[in-house]
Amino acid sequence: MIEWLTATNHKKIGILYIVSTLAFFVVASLLAGLIRAQLARPENTLLDAHQYNQVFTLHGTAMIFLVIAPFGIGLANYLVPLQIGAPDMAFPRLNAIGVWLFILGGLTVFAGLAAYGGAAAAGWTAYAPLSELTEGTGAGQDLWFVGLLLVSVSTILTSINLLVTIFLFRAPGMTMWRIPIFTWEIAATAVLVLMAFPPLAAVFAMVLIDRHLGGHFFDPAYGGNPILYQHLFWFFGHPEVYVMILPYFGIVTEIVATFSRKPVFGYVGMVLSAFAIAGLSLGVWAHHMFTTGAVSNPFFAAVSFLIAIPTGVKFVNWIGTMWKGSIELSTAMLFCIGFMLNFLIGGITGVMIASPPIDYAAHDTYFIVQHFHYTIGGGSMFALFGALFFWFPKIFGVRLDERMGKWTFALLFAGFNATFLPMAFMGLEGMARRVYTYPPIGHLALLNGIASFGALVMGVGTALFFINVVAAVRRRVPVPPNPWDGYSLEWLTASPPPEFNFHELPPIRSRIPAWDR
Amino acid sequence: MKTFVGLFAASALFGIALAVAYWFVAHEEATGAALLGCMAAALVFTAGYAVVAERSADLDGDDPNEPLERVAGEELGIFTTRSAWPILVASCSLLTLAGTLWSPALAVAAGIALILCCWRLGAESARV
Amino acid sequence: MRWLFDPASQQGVAMRADWYVFVAAGIAVGLFVYAAIFWCLIAYRRRTGREPAAFKNNPPLEITYAAIPFLLVLALFAVTFAIEMPIDEAAASPQQRISATAFRWSWQFDYGGGVVSSGTTMQPPALYLPLGRTTEIALRSADVTHSFWVPAFLFKRDAIPGMTNVFDVTPRHAGTYLSRCAQFCGLEHGLMTFYVKVVPAAAFDRYLSSGGTQKP
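Taken in sequence, the protein lines are chains G, W and H. Read in order, the letters of the first sequence correspond to residues 1 to 517 in our numbering. Read in order, the letters of the second sequence correspond to residues 1 to 128 in our numbering. Read in order, the letters of the third sequence correspond to residues 1 to 216 in our numbering.
Bound-form chain G, shown alone (with noise of 0.2 Å):
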């Protein structure tokens, strides 16, 4: 217990994270079981009006800032250091204060629901000045804030650890073109998050001001502005959004080229992209607000067009490292296919709603709650239980039975597909977001039945998967240090790996040292 309160190696840190991450995940598929069966029937009463709002709020808080972001971080303090031949991080207290720093903060948004009124039930947006109000979201929402300014603290602190320690602590040999994709779209996202979170943090620390010591940031009745939460939230938000992917665009291209036995497709075109769209990422924010009439549409409209660019020469690049391959249908190896699948989905739904005609109608309704989902969940998650199946052996020493993980897959794309689907007609149908209740009209009660039942289905399906966790650790069959064949460094040293990562390091002279010998 002490030694783990105490560790500052990075793999310890990265089994923290990973660990922490996963119980968020489950408690967060638990409130969405919770939603979709309230959802299940039209004027359904499982849940109240305040208890459904906080519910939905502490789901999408959870899955964004406690779940998917974090873990992609949390996986890159694990690997960073292995795949660039690094004994350890740059600042090992520094890593540790982070990691700390982002428990205790998603412990805090969940201690609201001990509070009086329950807990934060203003969105995973928190919107000034609903916020602001003190009625039905009192001591809940001020701890909501006060979590996520600590976890926002925490991603920029790991940021800036990951940039130094990618910058000046590769091998010898193991030059910037060298290093894996993976390590690349971490730099990136780092870069990202020190653009991106400071006007998160001062915008909640600005809604505290407001709330505690007589502030009106947001109250038009004292000169304050409400579009200047938005636009603080969403400079932030949409940076979020890729902070929530990049890591996983690195997560899927280190395993479509290990399960295709080829070297990554289009390397340099795969660094220019994670760049660009960081960058671009920066210049969409108000994608978010066409509706607010306050934001100049056709110059977030063009900018967002463009990032469907460099996505698209990600999706090349995969397919062209595929193409004349060897491809193994692993589990790490479906879970990526299935990501390329749904994220496609929701890239092409991205598109259409980052046309201002188009987010008129959808905005706000089923439709983005589709889209968004077929990203961060259908592409995201995907590629999280990738690399969960893919970096299991390495980093706990255990494998996972393939043939559970495949069943794993089926029932979570299945279930997946059957959920989020029908929500873009739900959205057409007129179907708002955030709602408790919807009217037995159209075809809402039928479509709403449907995605219910494919919630079910996924936690089936994740409920198997740790049974498989449960199943490998306690089976403790040794596996050896490069169970499939990968070709970058860390699988070049024994799984798990020893203290500082390479009793000695071997010679770097490609972008594929594994492979090389």
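Worth flagging that the hints you see were computed from the coordinates, not collected in a lab. Each statement offered as a hint is correct.
Covered stretches of chain H, going by a simulated chain G footprint (3 or more residues, C-beta under 8 Å):
1. 34–42
2. 74–82
3. 142–150
4. 154–160
The beta-carbon is built from N, C-alpha and C at its ideal position, and this holds for glycine as well.
Fit chains W and H to the given chain G structure using the hints.
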């Protein structure tokens, strides 16, 4: 020019281009213009620092044919494996923030503890 | 769903074209990429005795497939721009002006001349609109940010405290359309509905001249 300098220089140019483009399209919208202006300034500062830092940087990792005579870890110094201070710093940060909202006494006490923990952490990291 | 094919406003008809273009382009791109992925999975699956190729890049090809989406994106932007501009442009002299105010958790509609109607979550108010007349709606909020959404018009606009949002709508089908607040606004957001009732212009005028007593 080292890769990371080029990276930051390109980012800075991009930041300036984006801010200028925004200014031309929507300068009446002050918040976005200010945000992009700050972002461009931050990137220019980082790029400038990278240019300065490049002069003193001489990294094994940047030479494609660096002979492999060094073993992992040895040249980078000794890394700590454990420290009690980080978790205390994190806890004190939470308490300070919570105290600022609900209890000035707690804020002061936790703030002092936070400073002490940071100081001890710094002293420890100077040794190992 | 049927509103996508047959919107109830002239502006909705213009926006429907944007949907058609983007859905068609999306399906074309999607099928192409899906075909390429499944081709790889079938043709290049692992078989004994077949070695994977070793190529790593192909710069001319890579530049080509960065350029093609760029052209596609330019075309999509041109379509977007052409459709959006007239919709965002409010007419200088609308035939009718109505003021709508959102509050937690219902709406108040002010037609001028003392004709005002308001509602509750249990009794949603009706917004009467004259068929075929270009009507300007001025949108305000009394408390937090709301959003005025008429699914049948394929349109919504936010009601933000401290500012007035103005837009035009020209109804083209008479009828009653369930509409609602789209922006999360707290406890009873789920019940913050209203009805848009598009009525013949004569009936609408009677409603106003009678001081709101002769409901169409």
